[in-house]
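Participant: Take a look at the letters that make up each chain.
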Amino acid sequence: MIPVDSPAQQAEQRATPLDDFRPRSRARAAKNALATATFAATVVVLAVPLALVLWSVVERGAHVALERFPAFFTHEIPIVSRRSGPGMGPAILGTLLVTGGATLISVPLGILGAVYLNEYGSASRFARLVRFMAMVMTGVPSIVMGLFVYMVWTIRFGFSAFGGALALACLMLPVVIGSTEQMLKLVPETLREAAYALGATKSRVVVSVVLRAALPGTVSGSLLAVARAAGETAPLLFAVGASSSYNSDFLQGANTALPMQIFGNATSVFVGAQDRAWGAALTLVLLAFLVTLAARLFTARFATSGSR
Amino acid sequence: MTILDERPRRANEAFRWLSVGSATIVLLLLGLIAVVMTAGAVPVFRHMGLQFFVSRRWSVAGDVYGALPFMWGTLYTSIIALAISVPVSLGVALFITQVAAPWMKRPLVYLVDLLAVVPSVVFGLWGILMVAPYLGRSFLTTGLILAMMITPIITSLSREVIETTPSSEMEAAYALGATRWEMICGSIWPHSKGGLVGAVMLGLGRAMGETIAAALTIGSAIGQITLDPLKPGNSMPAVIANQWGEAYDLQKSALVALAVVLFGITVLVNLIATAIVQRSITRTRGK
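Line by line, the protein sequences give chains A and B. The opening residue of the first sequence carries number 775 in the numbering used here; numbering runs sequentially from there. The opening residue of the second sequence carries number 44 in the numbering used here; numbering runs sequentially from there.
Worth double-checking, as some hints may not be accurate.
[What the hints assert, rightly or not] Taking CB as the label site, the calculated pair distances span:
#: 1; chain 1: A; residue 1: 986; chain 2: B; residue 2: 147; range: 32 to 38 Å
#: 2; chain 1: B; residue 1: 147; chain 2: A; residue 2: 857; range: 45 to 51 Å
#: 3; chain 1: A; residue 1: 858; chain 2: B; residue 2: 315; range: 45 to 51 Å
#: 4; chain 1: A; residue 1: 981; chain 2: B; residue 2: 264; range: 53 to 59 Å
#: 5; chain 1: A; residue 1: 841; chain 2: B; residue 2: 290; range: 34 to 40 Å
#: 6; chain 1: B; residue 1: 52; chain 2: A; residue 2: 849; range: 54 to 60 Å
#: 7; chain 1: B; residue 1: 173; chain 2: A; residue 2: 852; range: 21 to 27 Å
#: 8; chain 1: B; residue 1: 268; chain 2: A; residue 2: 858; range: 36 to 42 Å
#: 9; chain 1: B; residue 1: 145; chain 2: A; residue 2: 970; range: 36 to 42 Å
#: 10; chain 1: B; residue 1: 207; chain 2: A; residue 2: 812; range: 18 to 24 Å
#: 11; chain 1: A; residue 1: 967; chain 2: B; residue 2: 315; range: 38 to 44 Å
#: 12; chain 1: A; residue 1: 841; chain 2: B; residue 2: 264; range: 35 to 41 Å
#: 13; chain 1: B; residue 1: 215; chain 2: A; residue 2: 874; range: 51 to 57 Å
#: 14; chain 1: A; residue 1: 857; chain 2: B; residue 2: 103; range: 28 to 34 Å
If you are wondering where the hints come from, they were derived from the structure by calculation, not from laboratory data. A virtual CB, placed ideally from N, CA and C, is assigned to each residue, including glycine.
Make the full structure from the sequences, and use the hints.
Facilitator: Here it is, written out as structure tokens:
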């Protein structure tokens, strides 16, 4: 049994740390140093696997992609996966088509949705619901989007780059809404008031003043969404089909994309196919990095905080 | 321009409705996804009933579809991923917010973001060709790859939550002579534990839904329910991706049903997590 102290004694004990002016004990200092070292170690734990992944992609990918440059980026995909050699041309075109289409669908809708949330709805019940559901929607697994588009589109109209674009647009929409709303929030209220004082209507204020002021941040947020979407595989699996030759028709016919080629070739036992997967991975990673870099440049111009 | 001109007013109204319509699309899409997917799953629920959720057998030839092993695989790989990712994410978030010198913060944030930029299929490729030769295609390999993929989101959300700790509380701890570690335990932790739980749950939602990396590295075993992390298994999204191509009607319905279960679970997890994170962040910022 622990002896129970009187209230006065308890108060005295509680007071001691404040009266204790001794230098920090060794044990406390050691604990603190250990914690700091642990935090630093976790940064290493995060960085090392990332470096390993990037190294594998660069080392194995560059070897494939740069051999007989630029054949890898232009030639069609060998139909027989046993064959080694280039290329990935149709998949690069497919990725551009699918991602570009998704951007054209989701970015205007996303920006308009964000305009509603920030400029019209703000704290209304409906706006709060939409805001909340958009956040929930960012967490819906991409494969669910893929199956959904298969059931409402592909099942009737067949494989096409457009189907893939629809699925990716579903993924991008909530992301664009979220990032754009953040940017609209940063536009100073005085700008809006100045425009109203000149007699502008609300739509005029939003289009010519608010959206223009938020443009760099909006572009940057959309580009980050594009970079994410370009690397998605699962939404495309059911909608795009599997072509090994060029198909520049956005609306019709089976197409392909870099992530799908990586997925397909990764499980192959043939070294030639695995090589093509690494080459496609390097191409895809470079593409995603370039888009992300462009986004960063826009953010830097706008000089806002908050990168996610 | 005269005041009687009606055009600006009409354009004004049209723009307003355009933006309302765009916002509504989010709700319509979510509703439509739920309805369409559930309708697609009806045949297998008719065929299997509640057995779908508890049966361990998945046999195309026998027309038996039990989802239990896939649910187990999703749960188990996600738990492994969280077990690895949560300590790392919290450590990195605390390092960035509390330890790092100001000039180090930005590069470190970029490093975390870099991890988020790498496409999941590239992680999968690395997993199957570089990790699987050592660990096999297994729950553990998938858990490892998933951990790498969810670390950025848990880290950046934790950072956001930790940064909402009022500096007065942190300075108060220092003024009492606390070391940094004691300040973290005494000021940051009590303040942000709720938000951190939300951040971890959002990471969990991502891990459960991740498809391609799991499809490549988990090993596609059928009916495997085991605690041995080195055994091959299967998860809900992985089996959808791997079997859809050559699936028959009822099998397709069963795969859609798996997607419905996945959708339901992830939406639920995200609903709770989003609510927790939002409340924890606005509680401090709102005042």
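Participant: If a hint holds in the structure, say so; if it does not, say that too.
Facilitator: We went through each hint and held it up to the structure:
no., hint, result
1, A:986 to B:147: 32 to 38 Å, "holds (35 Å)"
2, B:147 to A:857: 45 to 51 Å, "holds (48 Å)"
3, A:858 to B:315: 45 to 51 Å, "holds (50 Å)"
4, A:981 to B:264: 53 to 59 Å, "holds (56 Å)"
5, A:841 to B:290: 34 to 40 Å, "holds (38 Å)"
6, B:52 to A:849: 54 to 60 Å, "holds (58 Å)"
7, B:173 to A:852: 21 to 27 Å, "holds (24 Å)"
8, B:268 to A:858: 36 to 42 Å, "holds (40 Å)"
9, B:145 to A:970: 36 to 42 Å, "holds (40 Å)"
10, B:207 to A:812: 18 to 24 Å, "holds (23 Å)"
11, A:967 to B:315: 38 to 44 Å, "holds (39 Å)"
12, A:841 to B:264: 35 to 41 Å, "holds (37 Å)"
13, B:215 to A:874: 51 to 57 Å, "holds (53 Å)"
14, A:857 to B:103: 28 to 34 Å, "holds (32 Å)"
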